[in-house]
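The lines below spell out each chain.
Protein chains: 2
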Amino acid sequence: MTEFIPEGSRFHALSSPFPMKRGGQLHGARIAYETWGTLAADAGNAILIVTGLSPDAHAASHAGNPAPGWWEPMLGPGKPIDTERWFVVCVNSLGSCKGSTGPASPDPASGQPYRLSFPELSVEDIANAAAEVVRALGIGQLACLIGNSMGGMTALALLLHHPGIARAHINISGSAQALPFSIAIRSLQREAIRLDPAWNDGTYDEAHYPESGMRMARKLGVITYRSALEWDGRFGRVRLDSEQNGDDPFGLEFQVESYLEGHARRFVRNFDPNCYLYLGRAMDWFDLAEYGGGEAIAGLAKIRVQRALAIGANTDILFPVEQQQQIADGLRAGGAQTQFIGMDSPQGHDAFLVDYDRYGPAVRGFLDTLPPH
Amino acid sequence: MTEFIPEGSRFHALSSPFPMKRGGQLHGARIAYETWGTLAADAGNAILIVTGLSPDAHAASHAGNPAPGWWEPMLGPGKPIDTERWFVVCVNSLGSCKGSTGPASPDPASGQPYRLSFPELSVEDIANAAAEVVRALGIGQLACLIGNSMGGMTALALLLHHPGIARAHINISGSAQALPFSIAIRSLQREAIRLDPAWNDGTYDEAHYPESGMRMARKLGVITYRSALEWDGRFGRVRLDSEQNGDDPFGLEFQVESYLEGHARRFVRNFDPNCYLYLGRAMDWFDLAEYGGGEAIAGLAKIRVQRALAIGANTDILFPVEQQQQIADGLRAGGAQTQFIGMDSPQGHDAFLVDYDRYGPAVRGFLDTLPPH
Numbered sequence: 001m002t003e004f005i006p007e008g009s010r011f012h013a014l015s016s017p018f019p020m021k022r023g024g025q026l027h028g029a030r031i032a033y034e035t036w037g038t039l040a041a042d043a044g045n046a047i048l049i050v051t052g053l054s055p056d057a058h059a060a061s062h063a064g065n066p067a068p069g070w071w072e073p074m075l076g077p078g079k080p081i082d083t084e085r086w087f088v089v090c091v092n093s094l095g096s097c098k099g100s101t102g103p104a105s106p107d108p109a110s111g112q113p114y115r116l117s118f119p120e121l122s123v124e125d126i127a128n129a130a131a132e133v134v135r136a137l138g139i140g141q142l143a144c145l146i147g148n149s150m151g152g153m154t155a156l157a158l159l160l161h162h163p164g165i166a167r168a169h170i171n172i173s174g175s176a177q178a179l180p181f182s183i184a185i186r187s188l189q190r191e192a193i194r195l196d197p198a199w200n201d202g203t204y205d206e207a208h209y210p211e212s213g214m215r216m217a218r219k220l221g222v223i224t225y226r227s228a229l230e231w232d233g234r235f236g237r238v239r240l241d242s243e244q245n246g247d248d249p250f251g252l253e254f255q256v257e258s259y260l261e262g263h264a265r266r267f268v269r270n271f272d273p274n275c276y277l278y279l280g281r282a283m284d285w286f287d288l289a290e291y292g293g294g295e296a297i298a299g300l301a302k303i304r305v306q307r308a309l310a311i312g313a314n315t316d317i318l319f320p321v322e323q324q325q326q327i328a329d330g331l332r333a334g335g336a337q338t339q340f341i342g343m344d345s346p347q348g349h350d351a352f353l354v355d356y357d358r359y360g361p362a363v364r365g366f367l368d369t370l371p372p373h
Numbered sequence: 001m002t003e004f005i006p007e008g009s010r011f012h013a014l015s016s017p018f019p020m021k022r023g024g025q026l027h028g029a030r031i032a033y034e035t036w037g038t039l040a041a042d043a044g045n046a047i048l049i050v051t052g053l054s055p056d057a058h059a060a061s062h063a064g065n066p067a068p069g070w071w072e073p074m075l076g077p078g079k080p081i082d083t084e085r086w087f088v089v090c091v092n093s094l095g096s097c098k099g100s101t102g103p104a105s106p107d108p109a110s111g112q113p114y115r116l117s118f119p120e121l122s123v124e125d126i127a128n129a130a131a132e133v134v135r136a137l138g139i140g141q142l143a144c145l146i147g148n149s150m151g152g153m154t155a156l157a158l159l160l161h162h163p164g165i166a167r168a169h170i171n172i173s174g175s176a177q178a179l180p181f182s183i184a185i186r187s188l189q190r191e192a193i194r195l196d197p198a199w200n201d202g203t204y205d206e207a208h209y210p211e212s213g214m215r216m217a218r219k220l221g222v223i224t225y226r227s228a229l230e231w232d233g234r235f236g237r238v239r240l241d242s243e244q245n246g247d248d249p250f251g252l253e254f255q256v257e258s259y260l261e262g263h264a265r266r267f268v269r270n271f272d273p274n275c276y277l278y279l280g281r282a283m284d285w286f287d288l289a290e291y292g293g294g295e296a297i298a299g300l301a302k303i304r305v306q307r308a309l310a311i312g313a314n315t316d317i318l319f320p321v322e323q324q325q326q327i328a329d330g331l332r333a334g335g336a337q338t339q340f341i342g343m344d345s346p347q348g349h350d351a352f353l354v355d356y357d358r359y360g361p362a363v364r365g366f367l368d369t370l371p372p373h
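Protein chains in written order, with UniProt numbering: chain H, 1 to 373; chain P, 1 to 373.
Calculated directly from the structure, the hints in this document are not laboratory data.
Misleading hints may appear alongside valid ones.
Since the list gives no way to pick one copy over another, a pair counts as held whenever it fits inside one copy or between any two copies.
Taking lysine to any residue pairs in the SDA-like style, the calculated list, with each CA pair at most 20 Å apart, reads [as the list claims (entries may be wrong)]: (1) K79 to E322; (2) K79 to G24; (3) K21 to G294; (4) K21 to D247; (5) K21 to D248; (6) K21 to P249.
Using the sequences and the accompanying hints, generate a full structural model.
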């Protein structure tokens with residue numbers, strides 16, 4: 001079991017015991033986070049970023065860790081999320097393996113990794129843990145809460161269950177409930193991992209690691225994170241050099257196959273398989289309709305936030321843009337002054353990690369209109 | 001190695017040797033086919049149907065096999081493809097395992113199944129084999145050639161390489177070339193099969209069968225054959241009875257997961273894994289741009305057919321509707337009187353197998369306008 005903790009991470013010790021929504025509790029758990037900029041004396045300039053399934057808290061470089069972060073072009077001095085104005089916090093999700101407590105972390109009761117003995121994880125637990133970090137940093141109310149992808153779910157849970165935690169909200173490629181296409185994809189990813197004999201009911205180690213299962217799961221993820229349109233332009237039918245192909249009639253032949261292989265290779269040993277299972281299932285379970293009498297839109301309307309921006313990509317097949325439109329509609333019904341932007345980005349669900357020409361100005365424009373604290 | 005031959009199949013012995021596009025040749029190979037209706041004295045009322053990846057030649061029930069076929073609502077007396085007017089032939093593709101020769105068939109040289117010694121299969125080979133059946137039945141020119149999905153590729157190859165083989169053509173959910181998203185999906189399906197230790201480089205048997213790999217491959221296929229929109233309405237977030245779920249935290253929980261499982265279970269032992277690999281790769285390789293100086297549209301424009309109808313579903317993510325629009329545009333550039341219909345069917349790539357309210361009238365309407373022979 002490996003945890004992958006960025007340099008310069010800071011940690012918040014969660015309240016202990018930390019109760020979990022679906023039952024059970026954690027003892028001695030922690031959340032890894034990083035910060036940028038300076039918190040104002042009145043703590044009024046704080047932004048929290050909650051992430052998608054796989055990122056760590058290292059959203060951008062800083063003095064404690066100069067390596068580029070996963071949202072480097074968006075976050076820093078003079079950038080769309082301008083750290084000369086804002087104090088920014090990014091948390092690694094509870095249940096992940098990037099410094100926060102999750103299935104790969106040692107269970108203090110035994111000293112051994114939790115593995116499948118980790119309690120069932122829900123998006124609400126991830127949100128509750130993030131809320132503790134906000135409070136611990138002395139932030140009474142966030143100026144803005146930003147969530148991408150799974151983080152869009154986490155942000156909605158945060159807003160609903162911690163009323164007043166933020167004045168404004170940006171939801172990017174998010175969703176108020178998991179729908180069956182995305183559940184099917186994640187179910188198949190989990191099946192790939194669980195079918196790998198090396199997964200061994202979660203008791204793998206570095207020498208016996210479910211590499212094939214993770215590779216399949218990651219490739220399937222990448223396929224659904226992008227779009228056919230982008231790939232037509234990017235890869236077309238370009239083939240690899242014949243020498244890469246070799247004699248295997250079913251080996252890699254097209255550039256798109258090699259691209260997937262490269263993505264998978266970079267991922268499989270850098271994310272814990274059990275954490276992947278837990279976080280994917282948490283997304284499947286997420287459903288704001290639970291709080292809205294069976295209607296997601298009614299659950300959204302229970303959220304109180306002053307201003308909101310929902311952004312989606314028209315090419316997203318995993319969290320279709322109708323889901324971000326629904327978030328905007330629901331938050332508006334709850335009283336927020338709300339804007340929705342459907343981006344013509346070709347990059348699908350991942351557009352917010354690629355299409356900075358569109359996402360940068362949209363996020364900057366919204367933040368610029370927030371009143372001075 | 002198992003072949004799955006419908007009752008009442010007829011067989012055509014291919015010319016021997018039968019040369020394959022990418023090298024090698026087959027000896028003593030055959031094509032399974034079925035027919036409906038009566039061939040006119042002038043043989044002018046013939047329709048050929050070429051199929052998608054998995055179907056057999058049993059498109060509909062007939063006296064020799066009363067079981068419903070895979071296109072039962074479309075084909076029969078008074079139905080959209082009216083067998084009181086038309087003599088209809090459906091062939092099982094070369095390389096399949098439903099009666100035609102393929103990797104699961106015995107190699108006459110050894111008496112053992114070909115397995116991976118089967119020569120590389122191309123869509124053009126499938127088309128050439130189908131053309132032989134047409135000629136052997138005494139049909140000089142088809143009144144109409146109908147191809148669905150992979151069969152849409154086969155049909156285009158037939159028209160291009162056998163000029164004059166058909167007066168009219170209906171291309172449903174077809175494509176003039178494989179694009180990277182669909183290549184990626186099929187590549188991942190093949191990887192799932194090949195990673196299954198029981199695949200064993202193609203030398204499995206009934207007792208040691210790559211069941212898990214085939215299950216993964218089929219589930220991934222079904223996910224891409226339908227659409228998120230359809231599943232939202234059909235499954236939503238409905239859960240299974242808790243007793244089906246059991247205690248496994250990663251077991252089946254949502255209806256959509258059970259639906260995929262059911263589809264997979266019905267498929268995995270009814271289609272030969274090696275044939276699946278060969279047919280998928282044949283689709284990846286298919287590219288009419290080879291015949292059009294690098295442009296698919298120019299390849300299409302080399303086809304000579306009098307009238308054509310291209311139909312697609314707006315929700316198809318595997319063969320997007322732009323590909324059927326391209327087929328219409330290219331055939332029109334080649335001189336055909338051409339119609340394109342983008343259907344608002346929610347069922348995605350598989351809509352032609354489900355949405356008979358839309359596809360029935362479209363096919364019937366086109367066939368009704370064909371001149372009497």
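Cross-check of the supplied hints:
{"no.": "1", "hint": "K79 to E322", "in the structure": "neither (29 Å within a copy, 38 Å between copies)"}
{"no.": "2", "hint": "K79 to G24", "in the structure": "neither (42 Å within a copy, 60 Å between copies)"}
{"no.": "3", "hint": "K21 to G294", "in the structure": "within (19 Å within a copy, 57 Å between copies)"}
{"no.": "4", "hint": "K21 to D247", "in the structure": "between (52 Å within a copy, 18 Å between copies)"}
{"no.": "5", "hint": "K21 to D248", "in the structure": "between (49 Å within a copy, 18 Å between copies)"}
{"no.": "6", "hint": "K21 to P249", "in the structure": "between (50 Å within a copy, 15 Å between copies)"}
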